[in-house]
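Colleague: Construct the complete structure from the given sequences, taking the supplied hints into account.
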Amino acid sequence: MENISILDERKDFILLKQGGCGGNGMKCDTNSVSGSVSQRACVYSGARVVLNPITDAFHIVHGPIGCASYTWDIRGSLSSGEDLYRNSFSTDLREQDVIFGGEKKLTAAIEEIAENHQPKLIFVYSTCIVGVIGDDVEAVCKAMSEKYNIRVIPVKSPGFSGNKSVGYKMACNAIMELIKDVKPEKRRGVNILGDFNLAGEMWIIKDYLNKIGIQVVSTITGDSNYENLLKAPSAELNIVQCAGSSTYLANRMEEEMGIPYIKVSFFGIEDTTSSLIRTAEALNNEEARQKAIAFTSEEAEKIKDFEAKYRKNLDGKKAAIYVGGGFKAISLIRQFRSMGIETVVVGTQTGKKEDYDIIESLVNPDTVILDDTNPAELEKFIKEKGAHILVGGVKERPLAYKLGIAFCDHNHERKHPLSGFDGVINFTKEINMSINNPVWKFIRKEAAL
Amino acid sequence: MPHLEYMNACHTAMVLKVVVLFTECYSLDILKIRLWHPQAIIAVHTTCLSETIGDDLTSIIQDISIPEGKYMIHTNTPSYKGSHVTGFSNMVASFISYLSVKSGKKNGKVAIIPGFTNPGDMREMKKIATAMGVKYTMLPDTSAVMDSPMTGKFEMYPKGGTTVEEIIELGDSELTLALGKAASESGAETLEKKCKVPYKVLPLPIGIANTDEYIMALQSYSKQEIPYMIEEERGQLVDILIDIHQYTYNKKVAIFGDPDTVLGLAEFVLEMGMIPKYLVTGTPGDAFGAAANELFNKFGVTDCKAKAAGDLFELHQWIKEEGVDLLIGGTHGKYIARAEDIPFVRAGFPYGQTR
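Protein chains in written order, with our numbering: chain L, 1 to 449; chain A, 1001 to 1355.
For the record, the hints were derived by calculation from the structure and aren't laboratory data.
Predicted, not measured: the structure shown is a model, and the values here were computed from it.
Each residue gets a CB set at the ideal place from its N, CA and C atoms; glycine is no exception.
Please note: incorrect hints may appear among the correct ones.
[Said to hold, decoys possible] Here are the simulated distance ranges between beta carbons:
(1) L:I99 x A:D1063: 25 to 31 angstroms
(2) L:E111 x A:N1297: 47 to 53 angstroms
(3) L:D12 x A:D1286: 52 to 58 angstroms
(4) L:K383 x A:G1235: 48 to 54 angstroms
(5) A:V1201 x L:A108: 49 to 55 angstroms
(6) A:E1314 x L:D12: 37 to 43 angstroms
(7) L:A108 x A:E1294: 45 to 51 angstroms
Modeller: Next up, the structure:
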């Protein structure tokens, strides 16, 4: 397709960084434009990805089988315990149920699980159709909770109720519902919010915190379980990794439980270092702060030679970033810069205004910033700006390959942990492996012109 | 190997306002204006949401002024009715009922509906049809679209596939071959009703007898002798089956997937002397069980079970009760294969990644 044109309604969601200070900012944090090809998933999917890593929960998707099937085991979240979360449970609503209501089927599904599997925790997701036919999911959950004396928590996530961010919020509400009434005694340590233990990343972060003498009380939701989640209210501090999905929960926990929070990111040396130090500072723990400084400078020192070795392979390359949340995009810009790679296109699915302000302040003039973009726009700007690699998720991979540029998966399906110092090594290797791969030499250059 | 291919879909971004106010035209109007260029056709799928709030696509499309030479069609795909095979089958039928026209002059072609198969299968079916001297139109044809080559230039609309003109001309076909009853019969039936094109339903050409049947159906139309190329390939396959026959004989297999694929694979393993102990499809419908039982009788195997509208949980339970030597199916079979430590051959849809 030549001369890709941008839809008029989309123009306000795109910003070209000017020289000097920013202008009036850009449009973001709103519903997708009808007729564009948004890369966002639905409300239900947003809720599901946040709650799915809870390893011993039963996730019942109240809706047609498709909703459960498309989100079955989609996250590469690892577990140190149960494997239950890798299953999908569905009420498999059919035409008859749409006409006569699906409450009976939902009740039967919960009863079957309660009677056969000794569940501790069940989440019931409402999908589009449930929102339309008006099943009283809350009442069913309440009745079942009482009947079996287990926690059955509704997650209100019909697709038409907004965008993926609304799903995050509904998931956060479900977690609050689970933990708000437990009042455990206060203990030392932090909760890690918004890390989903993709490829075992939660374990790396936990390990770092333990090394500097900070206890991890609960993890939300990577490698978490029912017992562990109930301890969350006892922590002193929340550290929030995926700001897009979990800031809402952090805010509620601050207001209702008095647990303050800080936003952190463990992607790249710079952000990992500052996150560990800021966590110690937020706890007023001078000893931990000193340990964090010592630990991070030691680890950074260890990979200096590694970085130098790869730097010559990567220096001067240009990157395009399209990820879910704003905080990850910010980390990636910094991380790329430390590798000698400049970001020329950057976008997020659910970034907030403050995220875009930071992004704008970080990137070079002439960088394109996009909110809730689509493949046509990505194609246009990747070509215009001459990016060598695209970092994104599963939906972006084929686009990059079709455009003949390198790709790195920084989403659910990543195979290697990309956080912490270990992550820096994996990330650098992955970028190098793709960007300097001989496969690109076989593309006929004359055709590409 | 799993194959990564790029496919876009556009959406109307229905939000609360649309759902509550039933403002159907609002979404579709926007969509149509944006999409006319450069495609010739827009195909609209409904969802459980739009179906239940009562959007009437037929009248909406009638009300839209469609530019000369452009087309808009729709099919009903609420996810609470049938399965993805139903959706596939509905869309093929809708293409035909909206577009195909009988001009009164036959075009000497056979319409081939290849079933819910992948582009590699379609290439093979087309190769055989060409070898048999049959002119055809295949609908749908995802070859050279979903397996398009890397040419150095990104094409949003690769050159393969069935053209709108070809779909219109399907009305002038001599015969329809519908491969796979569940996925393809409804399209063939629609073409017969609308344009009086007679049709034959064949099994998917998987295994020796089913492929023979496909070839013979083509031959009965073209009256052409079977070329050596086909004899050679068939001979090579039989040669392999002989080489391995002691290993496969009486081995028990569980097969799951889409109905036509499972039935094709079941017949193939029966030809290898294996026993298709369990056949499971998620797609509802009685025809599957009946066809499976017919197969069991044909080969004289007993103690085999077949189930439509089943799931992998149930299949797993069956395997726990009485084990099998081999599992064949799509990517999700990995959980059973790992848990029961049985070899797993991937076939069918979806054919995805491992973890």
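Colleague: Are the hints correct? Go through all of them and say.
Modeller: Here is how each hint holds up against the structure:
1. L:I99 x A:D1063: 25 to 31 angstroms: 28 angstroms, holds
2. L:E111 x A:N1297: 47 to 53 angstroms: The hint (47 to 53 angstroms, Cβ to Cβ) is violated, given that L:E111 and A:N1297 are roughly 39 angstroms apart.
3. L:D12 x A:D1286: 52 to 58 angstroms: For L:D12 and A:D1286 the Cβ distance comes to about 54 angstroms; the hint holds.
4. L:K383 x A:G1235: 48 to 54 angstroms: The hint (48 to 54 angstroms, Cβ to Cβ) holds, given that L:K383 and A:G1235 are roughly 50 angstroms apart.
5. A:V1201 x L:A108: 49 to 55 angstroms: At 37 angstroms between Cβs, range violated.
6. A:E1314 x L:D12: 37 to 43 angstroms: 51 angstroms, violated
7. L:A108 x A:E1294: 45 to 51 angstroms: Since the Cβ atoms of L:A108 and A:E1294 sit about 34 angstroms apart, the hinted range of 45 to 51 angstroms is violated.
In this structure, the earlier hints numbered 2, 5, 6 and 7 are contradicted, and the remaining ones agree with it.
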